[in-house]
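These protein sequences, in sequence, are chains A and B. When the letters of the first sequence are read in order and numbered with this note's numbering, they come out as residues 1398 to 1816. When the letters of the second sequence are read in order and numbered with this note's numbering, they come out as residues 380 to 636.
It cannot be assumed that every hint is accurate.
Said to hold, decoys possible - One-sided and incomplete, this derived list gives chain A residues near chain B with beta-carbon spacing under 7 angstroms:
id: 1; residue: 1591
id: 2; residue: 1769
id: 3; residue: 1770
id: 4; residue: 1772
id: 5; residue: 1773
id: 6; residue: 1776
id: 7; residue: 1777
id: 8; residue: 1784
id: 9; residue: 1788
id: 10; residue: 1792
id: 11; residue: 1809
Said to hold, decoys possible - Straight-line C-alpha distance at most 25 angstroms; calculated BS3-like pairs for lysine-lysine:
id: 12; chain 1: A; residue 1: 1441; chain 2: A; residue 2: 1647
id: 13; chain 1: A; residue 1: 1778; chain 2: A; residue 2: 1647
id: 14; chain 1: B; residue 1: 571; chain 2: A; residue 2: 1778
id: 15; chain 1: B; residue 1: 382; chain 2: B; residue 2: 605
id: 16; chain 1: B; residue 1: 571; chain 2: B; residue 2: 504
id: 17; chain 1: A; residue 1: 1523; chain 2: A; residue 2: 1441
id: 18; chain 1: B; residue 1: 511; chain 2: B; residue 2: 487
id: 19; chain 1: B; residue 1: 605; chain 2: A; residue 2: 1778
id: 20; chain 1: B; residue 1: 487; chain 2: A; residue 2: 1815
Hints are computed from structural coordinates only; laboratory data are not their basis. C-beta atoms are modelled at their ideal positions from N, C-alpha and C, and glycine is treated no differently.
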Amino acid sequence: MSEQISMANENADISPQLWGDTAIDTVKQQAATELNFSALPPAKAEMWRNFSIAQLRDKNLAPAVPALVSDPSFLDKAWLQQALVLEFSNGHLVTDVENLPISEDFGCQIVTISAEDMGNFITTNKVKSAASLLALNVSQTQCGVCIEISSAMQAPIVILHSHSQLEALITPTIQVKVAANGKAELTEVFVGGADSLAVPAISFEINENAQVDYTRWHQHESNAAQLGVLSASVYSGANFLANCVTTSGKNIRLDAEVNIVGEQAHAELNGLSLVEDGQQTGLYYRVNHLCPNATSNQTVRVVANNKAKHIYDGYIYVAHGADGTDARQSSKALLLTKRAQALANPRLEILTDDVSCAHGATIGFLDEDALFYLQSRGIPKSQAQALLVQGFTTEALNSICSTELKAEINAYIQQHYKA
Amino acid sequence: MLKIENLHVSVEDKEILSGINLTINAGEVHAIMGPNGSGKSTLANVIAGRDGYEVTQGSITFLGEDLLDMEPNERAAAGMFLAFQYPVEIPGVNNLYFLKSAYNAQRKVRGEPELDAADFMQLIKTKMSEVKMDQSFLRRPVNVGFSGGEKKRNEILQMSVLEPSFAVLDETDSGLDIDALQVVSEGVNLLKNPERGFLVITHYQRLLNHIVPDVVHVLVNGKIEKSGGKELAQQLEAEGYVQFRGDDAGHSRRAVG
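Isolated chain A (complex conformation) (with noise of 0.2 angstroms):
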C-alpha cells in the first residue's frame, strides 16, 4: 500500500466538519469507505484507458487550503463582464455562498450543498468509469454548492478554478439542478496547476424542457493534474449541450456519463483537446439511452503536436426499449507530427432494434492539397498550417452557444498556433 492510501483515508478521518452537519460528515465517511483503501483508481483498473496516471501515484499531496491573494487578471477579460462569475480558489468557494451577489430576478440560486445531493454522487450519479474518484472527491471535499436554475437565467453562469497550492489534492463538488423550462449557460474555467491534482465533480439534473449549455475549459498551466468526473441525467424534452476544451495541462482527463431519460431529450458531449509535446488528454463519454426517441450526439476533435497522447474513449448505450433512439458519434484527430498519438475507442451496446446509430473516427495528418493550395496563393507553411488547425478547432466550437465565450477560445487557440 502506497502513502497515498493511507493518506486518503486519514483525510477522511480527520476531516473537518466544514459544514457542521454531521450528516454531510457521514456521507463523506461512507465515500471514503468505498475507496476500499486507494486513494487513485488501482493500476488494474486503469489498464483499459491507455492514460498513465503513473506519476500523479507518486505525488505526496496535501489537502488544498484557499489561497489568500486571489489573481484577478482572469476577471477583467471582457467576455466575463456580464456574467455570474464564481470563484473558486484550490478547490474553496472564494466568497461564502451567502455573499453572493445574486438578485431575487435572476433566475438562480446557490446553496450549500445538502447531504442528499452529496451522497447521490456516490449512489444515483454514479459515473461507471470513474466510481472511484467521485468517492475520492466526495470523501476529500471541502467545498461543495448546489447550483439551483428556477427559470430562463438573465446572463451566464461561470466557474473560475484557480489552482495555486502546489502538490495539493484539490477536491470541489457542484451540483447544478436545472427546474423544469429553465434555461442556463455555464461555464467551468480551470487555470493554474502548481502541479496540484484537481478531482473535480459536477453533477447536472435537468429537468422537463430545459436547456443547459455547458463549457467546460481546461486552460491550465503545463504541469498541472486533473481527473475530472461529470454526470447528467436528462429528462423529457430537455436539452443538454456539453464542451470540453482543453488547450494546456500535463495530464487532464474528464469522465463524462448522461443518462437521457425522457423522451425527446437531447444531449451532446463533444470535446476539442489541444495536445502538447508531453502531455496527455483523454475524454471518456458514455451515453445512456434509457427511453424512447431521444437524440444524442458526440463530436470529438483532437490537434495532437511532437510526443503528444490523446485518447478519447466514446461509448453509447441503448437500453431495453429504448426505440427510436438516434445517437451519434464522430472523432477526428489531427496529428501534426509522426510522433504524435490519438487513440479513438468508438463503443456502441445496443439492447433494442429500432434505433439509429452512427460512429466514425479519422486520424491523419494535414491536407497537402490544402497546404499547397494556401501556399500557392502566397500564405507561407507555417501560416498556413496554422490556418488549417484554426479551420479544424473552428469547426470543432461551433456547438458552443456563446458567441463571445467561442471568440474567447479561438482568440487563445489562435494565439497559441501562431506561426
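Place chain B on chain A using the hints.
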C-alpha cells in the same frame, strides 16, 4: 516574362514532361491544348511549385528569376497565380479571412503595408461584383459546399483580388455551364493588360472563343508537338488529336505506380 527551357519532369520515375520549351511575353495569352494524360496539369503544377514532381532537366525563369528555386508562396508573391483544376475545400476557414491572409501575405513580402479589414472589405466587394459572386460566399468556408461553377468563380475572384503578373488557368472551363463560362471568361478578360501574361490550359476550343489566345500549343506525350494561332484550336476541335497520336488517340495513358 515566363521562359520554360527544355523542361523534363518525372513523377515516381516516370517521365511526364519531355523537354518543354515555351516563352510567354507580357500581354500575351497562350493556350495549351492536349489529350488526357498529355502532361498539361503537370506543367501547371510544376510552375506553381507543387511537391511530388521532380524536375530532372531544364529551367523555368519568371521575370528574370529562377522560379524552380522558390517556394510556392514566394512564387505567388512574385506574381505567379494558378487557377486550380480542382479547387481545394478548406473547412473552418472562411473565404474572407483566407483572401485577406493571402492578400496581406503577398503585400508583406513586397514590402507594402497590409490592408486593414475595412479597406480590404471595400476592395473585395468591388471584385465580387466584377465576377458576379454573391457576398454570402465570403462568410462560407473556402470552397466547402460550393458547386463546381462556384469553385471556379472563386478561383477567378482570388485572381482578381491578388492581381498577379502571370496566371495559369488549369482547365478553368471544366464544370462550368455556358453562362458561368461567360462570367468567368469576362473576369479573366478584365484582367488582361499589356503587363500581364496568361497560360490557358484547356481540353476544348469553347473557352478560347471567350478568352482569345495569341498562341495555341498542342501538348502530346509531354512534348509540344505544334504551335500556331487561334485557328489551331478550331482545327483540333474539328479533327481531334489523331494527327499527333495516331491510333493511340482516345486511349488512356499508362497509370503511374
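Comparing the hints with the structure gives:
1. This hint is violated: residue 1591 of chain A has a C-beta 34 angstroms from the nearest C-beta of chain B, more than the 7 angstroms allowed.
2. With 7 angstroms as the threshold, the beta carbon of residue 1769 of chain A comes within range of chain B, its nearest partner Cβ sitting at about 5 angstroms, so the hint holds.
3. For residue 1770 of chain A, the suggested interface contact is upheld, since its CB lies about 4 angstroms from the closest CB of chain B, less than 7 angstroms.
4. With its C-beta approaching chain B no nearer than about 4 angstroms, residue 1772 of chain A sits inside the 7 angstroms limit, and its interface hint holds.
5. The beta carbon of residue 1773 of chain A is positioned within 7 angstroms of a beta carbon in chain B (closest approach about 5 angstroms), and the interface hint is therefore held.
6. The interface hint given for residue 1776 of chain A holds, since its Cβ lies 5 angstroms from the closest Cβ of chain B, which is under the 7 angstroms cut-off.
7. Contact between residue 1777 of chain A and chain B, as hinted, is supported at the beta carbon level, the nearest pair being about 5 angstroms apart and thus within 7 angstroms.
8. Contact between residue 1784 of chain A and chain B, as hinted, is supported at the beta carbon level, the nearest pair being about 6 angstroms apart and thus within 7 angstroms.
9. Against a cut-off of 7 angstroms between C-beta atoms, the interface hint on residue 1788 of chain A holds, since the closest Cβ of chain B lies about 3 angstroms away.
10. The restraint placing residue 1792 of chain A at the interface with chain B holds, with a minimum CB-CB distance near 4 angstroms, inside the 7 angstroms limit.
11. Checking residue 1809 of chain A against chain B: minimum C-beta separation of about 16 angstroms lies over 7 angstroms; hint violated.
12. Pair hint residue 1441 of chain A plus residue 1647 of chain A holds up; C-alpha atoms about 22 angstroms apart against a cutoff of 25 angstroms.
13. Distance hint between residue 1778 of chain A and residue 1647 of chain A is unfulfilled; the C-alpha atoms sit about 29 angstroms from each other, more than 25 angstroms.
14. Straight-line distance between C-alpha atoms of residue 571 of chain B and residue 1778 of chain A comes to about 30 angstroms, which puts the hinted pair past the 25 angstroms bound.
15. This hinted pair checks out: residue 382 of chain B and residue 605 of chain B have alpha carbons roughly 17 angstroms apart, not beyond 25 angstroms.
16. Only pairs whose Cα atoms come within 25 angstroms are accepted, and residue 571 of chain B paired with residue 504 of chain B is accepted, the gap being roughly 20 angstroms.
17. Of the supplied pair hints, the one linking residue 1523 of chain A and residue 1441 of chain A holds, its CA atoms being roughly 20 angstroms apart against a limit of 25 angstroms.
18. The hinted pair formed by residue 511 of chain B and residue 487 of chain B fails the criterion: a straight-line CA distance of about 29 angstroms is larger than 25 angstroms.
19. Pair hint residue 605 of chain B plus residue 1778 of chain A does not hold up; C-alpha atoms about 38 angstroms apart against a cutoff of 25 angstroms.
20. For the given pair, residue 487 of chain B sits about 17 angstroms from residue 1815 of chain A by alpha-carbon distance, which is consistent with the 25 angstroms threshold.
Of the numbered hints listed earlier, those contradicted by the structure are 1, 11, 13, 14, 18, 19.
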